[in-house]
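S.K.: Here is how the chains run, residue by residue.
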Amino acid sequence: MSVAQVKQDALAARIADLSFAEKGWLAAPRRAALDRLSAVGLPGKRDEYWRYTDPAALNAPAAAPAALFDPGDEPQVFDQIDRVKLVFVDGVFDAAASDDPRLSGVEIERLTEVATRDSHWASGLYGALEARGQNPVSRPQAILNTAFATDGVLIRVTGQAKKPVSLIYKQGSTTSDVILHHCIQLEAGAELTLLENGAAAARLNTVMEVEVDDGARFHHIRGQGRAHERQAVTHIFARLGKESSFKSFTLSANGRLTRNECVIEMTGENAVAHVAGAAVGDGDFHHDDTVFLTHGAPGCESRQVFKKVLKNGATGVFQGKILVKQVAQKTDGYQISQSLLLDDDSQFLAKPELEIYADDVKCSHGSTSGAIDETALFYLQSRGVPKSIAQSLLVLAFLAEAISEIEDAEIAEDIRTRLESWLERHER
Amino acid sequence: MLEINNLHVKLEEEDKVILRGVDLKIKAGEVHAIMGPNGSGKSTLSYVLSGRDGYEVTDGSATLDGEELLEMEPEERAAAGLFLAFQYPVEIPGVGNMTFLRTAVNAQRKARGEEELSAGDFLKVVREKAKTLKIDAEMLKRPVNVGFSGGEKKRNEILQMAMLEPKMCVLDETDSGLDVDAMKLVAEGVNALRDAGRSFLVITHYQRLLDHIKPDVVHIMSAGRIIKTGGPELALEVENNGYADILAEVK
Ligand SMILES: Nc1ncnc2c1ncn2[C@@H]1O[C@H](COP(=O)(O)OP(=O)(O)OP(=O)(O)O)[C@@H](O)[C@H]1O
Ligand SMILES: [Mg+2]
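So the sequence lines, in the order shown, correspond to chains A and B. Counting in the UniProt record's numbering, the first sequence runs from 1 upward without gaps. Counting in the UniProt record's numbering, the second sequence runs from 1 upward without gaps.
Read the hints as simulated data drawn from the structure, not as lab findings. There's no promise every hint is true.
Residues from chain B that face chain A, not an exhaustive set, calculated with beta carbons under 10 Å [as the list claims (entries may be wrong)]:
{"#": "1", "residue": "53"}
{"#": "2", "residue": "57"}
{"#": "3", "residue": "71"}
{"#": "4", "residue": "74"}
{"#": "5", "residue": "77"}
{"#": "6", "residue": "87"}
{"#": "7", "residue": "94"}
{"#": "8", "residue": "107"}
{"#": "9", "residue": "144"}
{"#": "10", "residue": "148"}
{"#": "11", "residue": "206"}
Label pairs and their calculated CB-CB ranges [as the list claims (entries may be wrong)]:
{"#": "12", "chain 1": "B", "residue 1": "25", "chain 2": "A", "residue 2": "69", "range": "54 to 60 Å"}
{"#": "13", "chain 1": "B", "residue 1": "142", "chain 2": "A", "residue 2": "96", "range": "40 to 46 Å"}
{"#": "14", "chain 1": "B", "residue 1": "53", "chain 2": "A", "residue 2": "105", "range": "53 to 59 Å"}
{"#": "15", "chain 1": "B", "residue 1": "54", "chain 2": "A", "residue 2": "427", "range": "48 to 54 Å"}
Just so it is clear, CB atoms sit at the ideal spot from N, CA and C, and this is done for glycine as well.
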């Protein structure tokens with residue numbers, strides 16, 4: 001059987017039980033997505049883009065069961081942050097558990113509620129950035145999402161949001177298989193902080209399309225669910241206008257499989273795009289950050305800062321690309337991906353790439369993988385700091401550069417605290 | 001205070017013997033100095049005492065106030081009152097000097113069953129001690145030893161010692177890399193800590209430091225052994241004649 005045929009069969013099996021809603025304005029982008037998906041099929045292990053991460057579990061017709069995670073009375077990330085909470089349980093919006101979504105300068109709607117309306121601002125965005133992001137590499141899991149998402153939020157921001165909007169994903173069933181699709185439009189000069197956290201489902205597929213108009217600012221901070229057995233594939237597709245700013249930070253602790261893709265296109269001059277991540281994995285943990293950043297206009301700045309702490313056989317993957325188009329003179333691009341391997345069983349696989357067609361650019365990238373600094377560890381211990389605390393201090397120091405990408409001091413502190421307590425729980 | 005008997009040490013990963021039977025007894029309140037040619041094993045002795053990995057004790061013992069040191073984790077030795085000022089202080093990017101000091105002070109207090117210092121009290125004490133060592137506030141905020149000059153690193157070691165108030169202080173070439181004024185400052189810092197319940201083992205190549213920190217006993221170490229012990233005049237002899245005479249005499 002040919003590779004193409006295998007992919008087609010896998011696709012047929014994957015979508016057999018998914019419902020394809022063909023109503024309202026959503027029908028057109030979904031049908032188009034289904035066509036696109038049929039053309040490429042699901043990703044295969046031999047695809048260049050999936051060399052380090054086996055897509056089998058994401059492709060499988062059903063989600064592998066994942067035990068529910070009980071954090072006990074341990075505080076959850078963002079608990080301390082004043083925010084507008086929107087709760088999804090197994091991918092279904094739970095109005096009763098959510099806050100009143102009214103927030104000045106921000107319009108929040110549920111995808112399934114407005115899909116049947118005749119015209120909607122999101123009709124021009126839904127699937128559009130995702131489709132743009134399929135070049136030069138296809139991202140079939142995102143196409144699948146566009147075609148079959150069952151819920152999501154549509155957020156239009158016209159002013160300065162007073163509080164963060166917080167998407168909370170709860171997992172209710174051990175077999176939940178969830179596809180969510182969000183569209184976010186920040187109009188010129190607007191500003192929003194979006195938070196996401198929670199285990200979500202046994203298997204989660206999310207797409208977030210973000211249009212950041214001229215001068216707008218988008219902050220995204222995500223705490224990926226701590227459930228040990230959950231699997232997730234997420235995509236962020238963003239387009240940045242002139243002098244706009246996009247900053248996304250992801251904290252991942254645990255999770256059997258996580259593939260986070262981020263595709264950003266800077267189309268306006270002097271735009272700023274920062275993507276960062278801190279991942280900590282103990283044991284059966286595979287975490288993949290795949291980033292594609294396009295400098296499509298002059299004077300833009302991009303930063304990618306990814307740090308992973310791995311132990312007991314955990315695997316970290318980083319695939320990061322900076323593409324600088326010919327028009328994008330005065331580009332400032334920085335990329336760093338580093339792992340701290342706490343034992344010999346863990347591994348980090350990195351593929352940093354630069355593709356530059358402009359001549360006046362400043363781009364740097366680096367990738368390292370190393371063990372804890374034994375000399376520093378001894379120095380701390382010799383001052384009376386117990387080994388476990390000394391190790392945590394060094395691990396947090398290692399992660400600090402990624403955490404410092406979070407602009408909001410309160411949120412950054414919250415993330416630090418969550419990491420600290422994770423390290424405490426995973427001392428051995 | 002510190003009692004070392006017939007200490008033999010080899011490298012863990014190689015068959016290289018470094019210490020070949022070190023004997024040393026330091027009473028409470030005393031200051032001892034160790035001098036000796038490069039590579040004679042002085043730093044190794046200090047590392048083995050403080051519990052660094054990579055060395056294997058093949059024979060002998062070392063006790064601090066009767067407690068066997070060599071069985072303890074490095075942090076336990078610290079809590080028991082041992083302190084080593086490193087010959088090469090370690091840079092730790094990402095860990096603030098203040099955080100480091102406070103974590104260390106409180107970890108030791110906790111280990112000894114004492115109450116932890118509040119953030120406010122800690123700050124007060126550290127500022128005061130830093131001031132006498134001419135360590136400015138900005139240096140305290142920086143990551144541990146990162147971007148510090150050689151002399152600043154050594155002063156930072158003494159600040160840690162002053163904060164931790166150990167009873168047995170081992171200073172490994174704390175004078176190297178110091179200018180004349182900084183050496184005085186460091187010596188004053190050490191002298192301020194001298195009291196009847198605290199002992200010092202000062203490793204140095206130069207008599208100059210011993211002008212400021214007056215030793216009770218001076219030892220000469222060579223090829224992993226203490227080959228001669230005497231009073232302060234021994235340091236002067238080394239300063240004037242080098243080690244050749246002493247080595248010949250012992251042979
Ligand atoms: N980890 C190690 N690996 C290899 N050799 C070592 C190690 N530690 C010590 N040595 C060797 O042991 C000997 C003693 O070293 P040590 O640092 O204790 O000397 P020292 O007396 O402090 O010298 P200096 O006056 O130059 O500081 C040297 O020959 C040194 O090279
Ligand atoms: Mg030495």
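S.K.: Taking the hints in turn, state whether each one holds.
M.R.: Here is how each hint holds up against the structure:
Residue-level restraint check for residue 53(B) holds (minimum Cβ-Cβ distance to chain A is 7 Å; threshold 10 Å). Against a cut-off of 10 Å between C-beta atoms, the interface hint on residue 57(B) is violated, since the closest Cβ of chain A lies about 16 Å away. Among the interface hints, the one on residue 71(B) is violated; its C-beta lies about 15 Å from the nearest C-beta in chain A, farther than the 10 Å criterion. Restraint check, residue 74(B) versus chain A: the minimum CB separation of about 4 Å is within 10 Å; hint holds.
Checking residue 77(B) against chain A by beta carbon gives a least distance of about 8 Å; that is within 10 Å, so the hint holds. The restraint placing residue 87(B) at the interface with chain A is violated, with a minimum CB-CB distance near 12 Å, outside the 10 Å limit. This hint holds: residue 94(B) has a C-beta 3 Å from the nearest C-beta of chain A, less than the 10 Å allowed. Interface hint at residue 107(B): satisfied, since its Cβ lies 5 Å from the closest Cβ of chain A, which is below the 10 Å cut-off.
Given the 10 Å rule on beta carbons, the hint for residue 144(B) holds: about 8 Å separates it from the nearest Cβ of chain A. A distance limit of 10 Å between C-beta atoms decides the matter here; for residue 148(B) the minimum to chain A is near 14 Å, and the interface restraint is violated. About 25 Å separates the beta-carbon of residue 206(B) from the nearest beta-carbon of chain A, more than 10 Å, and the hint is not met. At roughly 58 Å, the beta-carbon separation of residue 25(B) and residue 69(A) lies within the given 54 to 60 Å, and the hint holds.
Against the hinted window of 40 to 46 Å, the Cβ-Cβ separation of residue 142(B) and residue 96(A) comes to about 51 Å, which falls outside the hint. Between residue 53(B) and residue 105(A) the beta carbon distance is about 58 Å. The supplied range of 53 to 59 Å therefore holds. The beta-carbon spacing between residue 54(B) and residue 427(A), approximately 23 Å, falls outside the hinted interval of 48 to 54 Å.
Checked against the numbered hints above, the structure violates hints 2, 3, 6, 10, 11, 13, 15; every other hint is satisfied.
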